[in-house]
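Each chain, written out:
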Amino acid sequence: MDNSKKITASFRDPAGFVFLKHGVLYRQVNNFYARDYNLLMQSGLYEELAKKNLLIAHKEVNEAGFSPDAYKIIQPEFIPFISYPYEWSFSELKDAALLTLRVQKIALRFGMSLKDASSYNIQFKDGRPILIDTLSFEKYRENAPWAAYRQFCQHFLAPLALMSLKEITLNQLLRIHIDGIPLDLASTLLPKRSWFKPALFFHIHMHAKGQRYFSDKEVRLESKKFSRVSLSELIESLRIGISSLYWEPKGTEWGDYFGNTNYSETAIEEKRDIVSKFVSLIQPKLVWDVGANDGFFSRLSSSKNIPTIAFDIDPAAVEKNYLAIKSKKEKNLLPLILDLTNPSPSLGWNNKESASLIERGPADLALALALIHHLAISNNVPFSMVADFFSKICKALIIEFIPKDDSQVQRLLRNRYDLFGSYSKENFKEAFENFFSIKEFYQIPGSKRVIYLMKKRGQ
Amino acid sequence: MKDDQDSKDKIMEQLRALGYVDPGAGSSMWQIMLAGFFGVSARIKKFFLRRNSKDQED
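Chains A and B, in that order, are what the protein sequence lines are. Heads up: the first sequence begins at 0 in numbering that gives the first Met the number 0, then just goes up one per residue. Heads up: the second sequence begins at 0 in numbering that gives the first Met the number 0, then just goes up one per residue.
No lab work stands behind these hints, which were simulated from the structure alone. The reader is advised that the hints may include incorrect statements.
Claimed, not checked - Distance windows between CB atoms, simulated:
| # | chain 1 | residue 1 | chain 2 | residue 2 | range |
| --- | --- | --- | --- | --- | --- |
| 1 | A | Phe200 | B | Ser52 | 30 to 36 Å |
| 2 | A | Gln41 | B | Asp54 | 48 to 54 Å |
| 3 | A | Arg11 | B | Val39 | 22 to 28 Å |
| 4 | B | Ser40 | A | Ala33 | 52 to 58 Å |
| 5 | A | Glu268 | B | Asn51 | 34 to 40 Å |
Claimed, not checked - A short list of chain B residues far from chain A (calculated; beta carbon distances all over 12 Å):
| # | residue |
| --- | --- |
| 6 | Ser27 |
| 7 | Lys45 |
| 8 | Phe47 |
| 9 | Ser52 |
| 10 | Lys53 |
| 11 | Asp54 |
| 12 | Glu56 |
Just so you know, even glycine gets a beta-carbon here, dropped at the ideal spot from N, CA and C.
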């Protein structure tokens, strides 16, 4: 089929898959799933979920199928950026979990049930989570246990419990365990006090023991019954358990970042104005703000209705940003956790199930404000390699150069030997001009910091 | 169908002998064991809901 490309991440589901054709994303519904798809559409469940923005809306189109077993082709609404659970903050993962349970609860009312509860089926759109896998529903089978129970516990409950009760960065285990954190591992890692939390006692600790106990037993489920009332209670118990998990961001390196900078209020305003002007000059359709902290500068583009991704290494900064987006009902801004020196790799089968950061680019514009000294000095990345990296992730770049005598750079050098003789504005410009052409620059009054607007060569 | 089930069972038996844990089956059985608990909890909730609504009526 010409100009069509199957998205390999969706290969596991016999119900269908997504593919790209002429840059447009479609989902093929296979004959195998026809009965459940019709039930989803005719029972009123789809309408109910789409109306509440819980499930991605789609339209049925007359495109030819990607393969002969196509039943229908649907075109889902566009999501500007695909993110993964190991990039989400605590509250982003928690909201994704609560959304999954809410969808399951509604589905049961319409005689359907989620057959999987993967966190990869959730994306963020307009500042809130949404289920994107239209083919996740099946007809509810009377007296059957919830097929997605284990997956829900591994993808949501276990990482949230570990983040809340043990260590916030343990969501990174989701990078290693692509089908969620194994419950026996979570049970081992969780502190003793977690045994006194009913949801964690039942759904992680005893669940893990149950898995172990039944692993060498012959299990005949046909004769066992799990009533609809019990299923509803199970969902409610998980909802209460998830809702009771909290994480309070505090004491991080960026906690009071703006209080620690050497910027005066006027200089911050000058910087904001010049970044805003540069953004308007580029007119991007997608912006990545790398090292975004709480998203102060990201909002210069998101407030112009430009989808903006605010990356930061600090889970607390990302959490604060997300909570602000929620409380102000902001759209177009998605905060994500990302260590630029170790960005998300491609993962899963054949390295094709989740895409690396670079594969999800390039963005039309990247912002790299007050970042270069962290890469070049804290992490010893040469300017040439920083420039090379940015040339892969964006078509245009707004980057701030922080000179060596700046108090923030001096702070980084305070407790280490100065190996950075080549850290100068001239070397910075030379390295970046190999990949970008400098269109404009502006020195911030009262400081030696310079903000550059660059465009990738050949664009 | 029966042959399929038999060969699947045989493979599972061999895998278990190698230490393989089938977490899916264990999860389903654990849910069924929980069903009794959730059934009782649903009845208790129902009892209190009824009692509260009766109190309000009174």
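Hints and how they fare:
Roughly 31 Å separates the CB atoms of Phe200/A and Ser52/B, a value that falls within the hinted 30 to 36 Å. Taking the beta carbon of each, Gln41/A and Asp54/B are about 43 Å apart, not inside 48 to 54 Å as hinted. Under the hint 22 to 28 Å, the C-beta atoms of Arg11/A and Val39/B, about 37 Å apart, miss the expected range. At roughly 38 Å, the beta-carbon separation of Ser40/B and Ala33/A lies outside the given 52 to 58 Å, and the hint is violated.
A C-beta distance of roughly 57 Å is found between Glu268/A and Asn51/B, which places it outside the suggested range of 34 to 40 Å. Not every C-beta of chain A lies more than 12 Å from that of Ser27/B, the closest at about 4 Å, which undercuts listing it as non-interface. Not every C-beta of chain A lies more than 12 Å from that of Lys45/B, the closest at about 9 Å, which undercuts listing it as non-interface. Annotated as non-interface, Phe47/B keeps its C-beta farther than 12 Å from every C-beta of chain A; the closest such distance is 14 Å.
Non-interface status of Ser52/B relative to chain A is upheld: no Cβ of that chain comes within 12 Å, the nearest being about 19 Å off. With a cut of 12 Å on Cβ distances, Lys53/B stays outside the contact zone with chain A, its closest approach being about 22 Å. Listed as outside the interface, Asp54/B is consistent with that label: its C-beta sits roughly 23 Å from the nearest C-beta of chain A, beyond the 12 Å cut-off. For Glu56/B, the condition that its CB be more than 12 Å from all CB atoms of chain A holds, with the nearest at approximately 25 Å.
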